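Visitor: Please build the complete structure, drawing on both the sequences and the hints.
As they're listed, the protein sequences go chains A, B, C and D. Count the first sequence with the working numbering and you get residues 1 to 441, in order. Count the second sequence with the working numbering and you get residues 1 to 183, in order. Count the third sequence with the working numbering and you get residues 1 to 403, in order. Count the fourth sequence with the working numbering and you get residues 1 to 273, in order.
Simulated from the structure, these hints should not be mistaken for laboratory data. Among the hints, a few may not be true.
As the list claims (entries may be wrong) - With a straight-line cut-off of 27 angstroms between C-alpha atoms, the simulated DSSO-like cross-links for lysine-lysine are:
(1) K246(C) / K12(B)
(2) K186(C) / K33(D)
(3) K87(C) / K122(C)
Since the model is a prediction, treat every value here as computed from it, not as a measurement.
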Amino acid sequence: MAWSRLTPAGRALAVLLPVLAVGGALTTILLATFGGAIAATIGANLPIVRFLVAAVVTFLISVPVAFLLIYMEMKIIALMNLRIGPDRIGPAGAVMSVVHGLKVLMKEDYTPPSVDVPVFTLAPVVVYLASFMTLLVIPFAPELTSMGFELGLLYFFAIGGLSVVGLMMAGWSSFNKYSLLGGIRAAAQAISYEIPLTLSVVGIVILTGTLSLPKIVAAQDGSFLDWFIFRQPLAAIIFFIAITAEANRTPFDNAEADQEIVAGFATEYSGMRFGFFFFAEYVNVFIVSALFSAVFLGGSNPPIHIDVNPQILIDLSALGIGLPLIAGIAPVIGTLLFAAPIWFASSRVKGWQALVAGFLIFGGVSTAAVGIWAFVMLPPVASLIWFLIKTFTLVFTFVWMRGTLPRARIDQLMGFAWKWLLPASLLNIFATAFAVLIAGR
Amino acid sequence: MDRRLAALLQEKFGDRLLTPVRQRYDESEIRVALADATDTLRTLHDDPAFRFEMLIDLCGVDTGEEMQVVYHLSSSTSGDWLRVIVPGLDRTAPRIASATFMWPGAEWMEREAYDMFGIIFEGNRDLRRIYMPDDYRSYPLRKDFYLADDASRSPAAGVRNMERAGTPADATAATTLRKSPGV
Amino acid sequence: MTQQMRPSLDDPRVAIPAESSWYEPAPIPQTERQAEFLTLREGEMFVNMGPQHPSTHGVLRVIIKVNGEKVVDLDPVLGYLHRGVEKLCENADYHQAICYTDPLEYVASLFCEAAPVAAFEKLMDVDVPRRAQYIRVLTMELNRIASHTLFQGWMALDLGGITPILWAFIERDEIVDMLAALTGQKLLYNYYRIGGVNGDLNHEFMSRLGTWMSRAAAQIDSNLALINENEIFVRRTRGLGVLDAKTALKMGVTGPNLRASGVPFDLRRDRPYLVYPELEFDVPTRDEGDSLARYLVRMDEIKQSIRIIDQVLHEMPDGPVMAKLPRLLRPRPGRAFGAVEGPRGVYGTYAISDGTDQPFRMRIHDPSFVHLQLVGPLTKGNLIADTMAVMASLDPVMGGVDK
Amino acid sequence: MPKIPGTGLLSGMRLTLTRFFQPKRTVMYPEVKPDIAPRNRGRLELVTDEHGTLKCETCFQCAQACPIECIDMGGTDTKGRFAVHWGPAEQYAERREESAMRRSGRTVSDAAAATGATINVAKVDEILEAHDYDPHHMLAILEEIQAAYGYLPVDALKRVSRATGAWYAMVYGTATFYKHLAFEPGVTRSIAVCRCANCLVSGAGSVMGTLSYEFGTEFGRAIPWSNLRLESLPSHVIGAPSPLVVIDGEPQRDLSAKNAASWAAALAGRYAA
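Guide: So, in structure tokens, the structure goes:
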């Protein structure tokens, strides 16, 4: 029978092709008939489409973010160890993490026998999903929030807490004692740090009266003294420690403590399934840093408002047909302008070298000019840049801590959470409420 | 080298010592019979005159005719070092009382002596192989243990398997053992 | 689907499918102790660490009986690195035996050479020239510093800090390189000879040593500042695995681990060898006896070693570095026990000569072997993470443990 | 531990940040080679003198002394008879009886072993038993073996080396050192050609070449059709002419580089008759 001789891919195709053929035909017919209605429906509930698009986009940006953070971790820790770190692939080894990703892709994706296969396979997906779905509510800039809904903060804690489920699934299904210990450690740690994490922001919620992250960011508008890190220092400290534990970072990385339980919940994983855990960890780092900078560091607000309202008002529409002409001619003229001095400067420079150099210089200059123009003229770009600066400073801090601190023991960890952070956060809430009661908002 | 220690040892266990106290460099050495070993060690450990509280080393020796167990003790009060040799263990079934009743740290050293020589220490709670696998048969440090690549001293050199537990058939008394009457 | 089930090793009440049950078979208990170790009570399970575990130094296998995270009992399994060094030495002549003892402790090889050399010199009544004695002290103290520096890095690494080990390796590599310039080998310097040392001090060694000494103390101090003051490190090691003096003496503990329990026992002081009686140095001791004390005692010894090196460099006499000896060494029958104070404790060698050119019996005593017994008693009732901390603080080297 | 909690962590963070900006210690290996101290004895190599010829004379002392048998060398002895190979036997896929020769060198391309039939070593064992397997009596053992067999079979040498534990090269060196120990059966007489400078000047070299060609053998080997062995004379006989050829001690007068071939043919004819 031919079916038995088909490869799995072949069988899938044998099923799919007729379905596609029939389905394609049907869809065309349906579109022809109900196209207008469908368009109307989409127009009617646009938020669903927006959500889908936002989810896809966040997923797409989460992978390069993970690559960037992995590279940062490798390089920064290397420099702190008086090493050089990755320096062979790409400029200063910048492509190293991408190569790591490719390596992980090419490795054998081994499923040990006696694991609970569906749970084992699903666990990395859950973890990664939980981490990048929280990206939805991150307010990169006032206009650059993919889903700025009202309960953003709550959504963040809820979805972020889901990753524990994934870790538990991985630890339980791996049929390995290290994995089991790692999963249970991760669960205990995450659950006990969720509480101070959530309670520490209650003070801010009291102050701002909202749970939506864009509004919290907007509430910190003004100079850097309006940031909540200065108005709620205790909450900031608690929050920082709690997100360190949430992201399983040193000194709270007991879940994958490689000196004690080999790789924790990821012991039995290999190939891309391990890669998902790996990426999720770094995406988590980025997300918690972004959240901290949004909630406590004023998010996309510049530290000091320099009120520049430049008068460079180029009315591009006035140019009419001249616009494409300028757009087409400007590179040529600019290249020649920059190439000429180089070419005249010395006789040893060949013409093409001068042209290439001129083009590069023109490219740089024009990019810088456009950047500055955008920074000045387009508020979203400016606020995005401010946001990223703050976020990556925090990411650097996390990597820095990883390069410095040893690991806390699990019982000290839990004791710290329950004995110190929880009362401190409650105290913070009462203090804030009292102050609000006294002074009014 | 402490003459006082020698005199003390002589007058403490004068009758027990098989040979007079030997002293060379900073080491003193006494030999006691198998029966007296435990009492001697306990006296050396508890007697305020000696206070040999540290068991530096415990090892077995195969002289070719007999087995020995050698203790190296160090006094925590005076810096004296003492070597207690218990000779005369039967090569076929060496047995001696364990020293773990006084030095729990001797447990693994006794395990090693058992593993390497087959000396059975009565009273050791955990007397089993420590280096060699559990299903291992022979005792490597015995003198009649042959190494294939040891062409120096055994007619069994060149046998295919790496070691041979017992004396090979074609071995003669002149060549089986490297006997050392002096030890 | 029908498949026969078998009880799990950890919990006989749990049945697991037969095809998924490729454990190692349950070992048959041979001794009373092993039988009591292999019986699992309610809620206990075995966790097997090693021989390929990130934090067991070398190839050590530790079977841990845990109740949740709490270590109930623990059984180290040795022998993965067993080379039969004693047998090899019995079949080599006296010069070759020294070379065999070298790889015992790949971290502090010179001490493993010094012990048999001392024993052989006693057997043959050899007088070592004073310059050779000074060179031995110099190289040994350098090696001690290298070993302790590496220990600091390993300790921090086992507690989860990744940076100190690399800083430690910088210092250690400098020492190793200068010793390589002196002895000709980088790790297993086969340098000590019966009656002296192999080769006099040379220019490369002295220049490297000078540049290193000029900044060693400050550099090591700044490295220590990373974790000595660190709350996490201190909280994890203070009061962990407390070993009181009486137990330590009964367990045969020596070296820094014993001094950390308050017993000032140091062979360099109590049983002087080479030129140590002429040198000024303190024997750092601590009374706590916990992991932190064991760590800090070693860190203090680094400073003392630097002191000793300073004095040795100033008082180094001239003269030959080898005694006049025949090519073929045949000591008269006798016994000798040579012992030196190493970075881990007393390295001893009990050599028996029967008049031939090969030692009749050569017993090698390694302190790591004794100290590894303590891991069980010291970690009972603690957590899995503490097992690593205690093991690191005892600082065993498996090459010496397995011989 | 500091009084204020957290300061220890912060001081550590400060330290790592300072190290972050300090110069790095990495040696970029393939580009930058670390400087190896001149005293480094990492690699074994044979030294050559100023003429470019090897100084090693294959005395095997290094290979004997190497306790871990990392030195492995081969060579030909002065008589061109044996090529002795030294080293761990497993490198040469010989485990069974040859591994006894692991420290003792094994014989490669052994002419005597090729020609001589394998012998019954019972007598050798008796001799060894009589001498209590003592390598110090090597010369006596070899003499008795020669008396027993008429010559020294290679199997007997191997047996001696294996039983006494004396290294094969030692046994073999003893055997080759003494003139009265022979390796071929029935060789009683010898033709020796002097190799002193005087003789070489007056054409001893061509004489040697001619003789070895005529007799169909090599120097140090027996002449197949006779009880003669072709040897080289260690020292010149006083008052003898050059080139000098000695048969059983008496110098041959009527010989020169010219008539060496005819002389050899005449000698062969005398033996044939």
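Visitor: Taking the hints in turn, state whether each one holds.
Guide: Each hint, compared with the structure:
About 26 angstroms separates the Cα atoms of K246(C) and K12(B), which keeps this hinted pair within 27 angstroms; it holds. For the hint pairing K186(C) with K33(D), the CA-to-CA distance comes to about 16 angstroms; that is within 27 angstroms, so the pair holds. Distance hint between K87(C) and K122(C) is fulfilled; the C-alpha atoms sit about 21 angstroms from each other, no more than 27 angstroms.
The structure fails none of the hints (numbered hints given earlier).
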